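Peer 1: Chain by chain, the residues:
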Amino acid sequence: MTTECSSTPEAISGILLAGDAVLNLSGQNLNCVGSTRFVANSGDALGVSTAPAQVKWRTDYAHSLGGVTAADVDRVVVVSDGDGQEAEHALSALKAAGIAHMHCTLKSGCDADAFMDEKDAEAVAERLRQLGYL
Amino acid sequence: MPERFLLGIDGLPRWMWREFADSGVMPHSRQLLDSGTLVPMKSSLPEVSSAAWASIVTGENSGGHNVYGFTDLIDGSYTLAFTSSRTFRSKPFWAREGSGPSLIMNVPQTYPAQELNGMLVSGFVALDLKRAVQPPEQLPWLEEIGYSVDADMSLIEKGKQPFVDGLHSVMSARCQALHHHWDREPWQEMMFVFTGTDRLNHYLWEDYEDTSSPFHQAFLDYYHEVDQQIARILERLDDSTVLAAVSDHGFARQQKSVNLNCLLAEGGLLQLKESARPSYIDMLPETKAFAMDPGRIYLHRAGRYPKGQVQPDDAEELMTSLTQFFLNAEVDGQKIAAEVHRGADIYSGPFAHRAPDLVIMPAENIALSGRMNLSELIEPTLINGKHTFEESSFFIRGDNIGAIPEDMKVEHVLDVFKPEESRQRKAA
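Those protein sequences? They're chains Z and A, same order as listed. Residue 75 in the numbering used here is what sits at position 65 of the first sequence, and the numbering runs on without skipping anything. Residue 249 in the numbering used here is what sits at position 245 of the second sequence, and the numbering runs on without skipping anything.
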């Protein structure tokens, strides 16, 4: 069974471990630290690079994961925008190749629109203080 | 006649409802409870009304509906924000396609009022009646009767009697509004929540426990009035209506409020720069973890927070040491934590990535706060009753209801109350 998680592009490094390589199937740039490794196109095969990369999964990649296994990667983190077929095929291929992996679905963050209006903050804070929350 | 009626009684422990029903404090409840099934229910984690009511009305845990407490931080920042109806990322049952018309009144976490097929008057935390009513044309009548979106909690400073009188007054207006609007249209679904019970429990729990207290009877009298109002509702329903009655959490004695951020600071795990009014924005990069109400712990992770330096490879060890830190922590020789849960173990859903890393469950008699005021580990407060995770109430009667899970939780309410819709939602 594939481990599933969710994150935002900005916070993705919070779920990565030192031995991971990111297979970025999303159309989004990920906010990763400089040492993060990425699964990247290497001709008709896949390899591992330290340069940020996005991959458009092809069916024949299932037979060319040797570059990934050779790169001393502990785990491949498949990052996608949702549960599309691309992610499904990539995860199946990794499972068949016996490569440890995890699937991370990118979600939107919550900005100020998701909360009480800023002008109400003091009044809300006071109500919450009265009930011991603040 | 509505097809379904969901009654809320904020903070009423199952054992207390049964006790009051049997002892004569709530005589109509005895008849009600005997007509269906009453079971204990577990609240949300943490056991806070905002998250619990959100779970009750959406059928999700916080990882699904995105409400983790009354407070939150805007993503990628240290800006403290307050959750609202806009925070929901899963729709309440009345807002789903094909729903309604619904009359929804005083449900916590529904402010500002959102459009729906029906009518909604927001519950706590609500500030302005004008923004608490949908559709807006229903506002004038509510204003005329002096409807209050919130009880005046400052009355407790004048004494317990004025405070309780205020709770009675607010309940009276709310019930008047319920029956008035009930008369206007043939609602398909209805939800009405008594919230004064939570306020009473917070400030007069010691008077409930002390039968010699001059306010002991006032405590019982309030619940007697709640029961009278329940009777008025029951008189208008027949066996064709599926009726559920729930509370969002239980209640127990609170003797101390312990500030978790103060504890973290004393342990060197939270470091703030000097500030007249300390807030999350004052956290220094060296901070390892911080707390939010009530009992949520967040690692100061790199990538999640602008100045966060906790790396993924260090997170596991830090969570393990924090768990021990809190389980071992004592105040005045008393343990402050009963259990510590990992966020990854208790939350699931598309917004689980916004979850706290740890949730601390308080020990007996202890309440936990996430205030950023680090000057007092034990906070002075008039509050003497606290929420509990265990023993909220779930009652149901009617046909076409779902099976009650053995481990009933707030996120299961819709599975039992609206089983077909719940099945369809999960299959989608």
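Think of the hints as simulated: they come from the structure by calculation, not from any bench. For clarity, every value in this text was computed on a predicted model and none was experimentally measured. For every residue, glycine included, the Cβ atom is placed at its ideal position computed from N, Cα and C. A hint or two may mislead.
The list that follows gives simulated cross-link-like pairs (lysine-lysine, DSS-like), each with its CA atoms no further than 27 Å apart [stated by the list, open to error]:
1) A/LYS134 with Z/LYS129
2) A/LYS260 with A/LYS162
3) A/LYS413 with A/LYS430
4) A/LYS260 with A/LYS311
5) A/LYS260 with Z/LYS129
6) Z/LYS129 with A/LYS430
Estimated spans, in silico, between C-beta atoms of each pair [stated by the list, open to error]:
7) Z/ALA122 with A/ARG188: 34 to 40 Å
8) Z/ASP82 with A/TYR82: 45 to 51 Å
9) Z/ASN39 with A/PRO384: 34 to 40 Å
10) Z/VAL43 with A/ASP169: 39 to 45 Å
11) A/PRO105 with Z/ALA106: 48 to 54 Å
12) A/ILE149 with Z/VAL43: 46 to 52 Å
13) A/GLU368 with Z/LYS66: 55 to 61 Å
14) A/ILE285 with Z/GLU136: 28 to 34 Å
15) A/PRO190 with Z/ASN39: 33 to 39 Å
16) A/LEU378 with Z/ASN39: 58 to 64 Å
17) Z/ASN39 with A/ARG427: 22 to 28 Å
18) A/ALA280 with Z/ALA122: 21 to 27 Å
19) A/GLU368 with Z/PRO62: 50 to 56 Å
20) A/LEU378 with Z/ALA122: 32 to 38 Å
Peer 1: Under the constraints set out in the numbered hints, which ones does this structure not fulfil?
Peer 2: Hint check: 4, 5, 6, 8, 9, 10, 12, 14, 15, 16, 17 and 20 fail, others pass.
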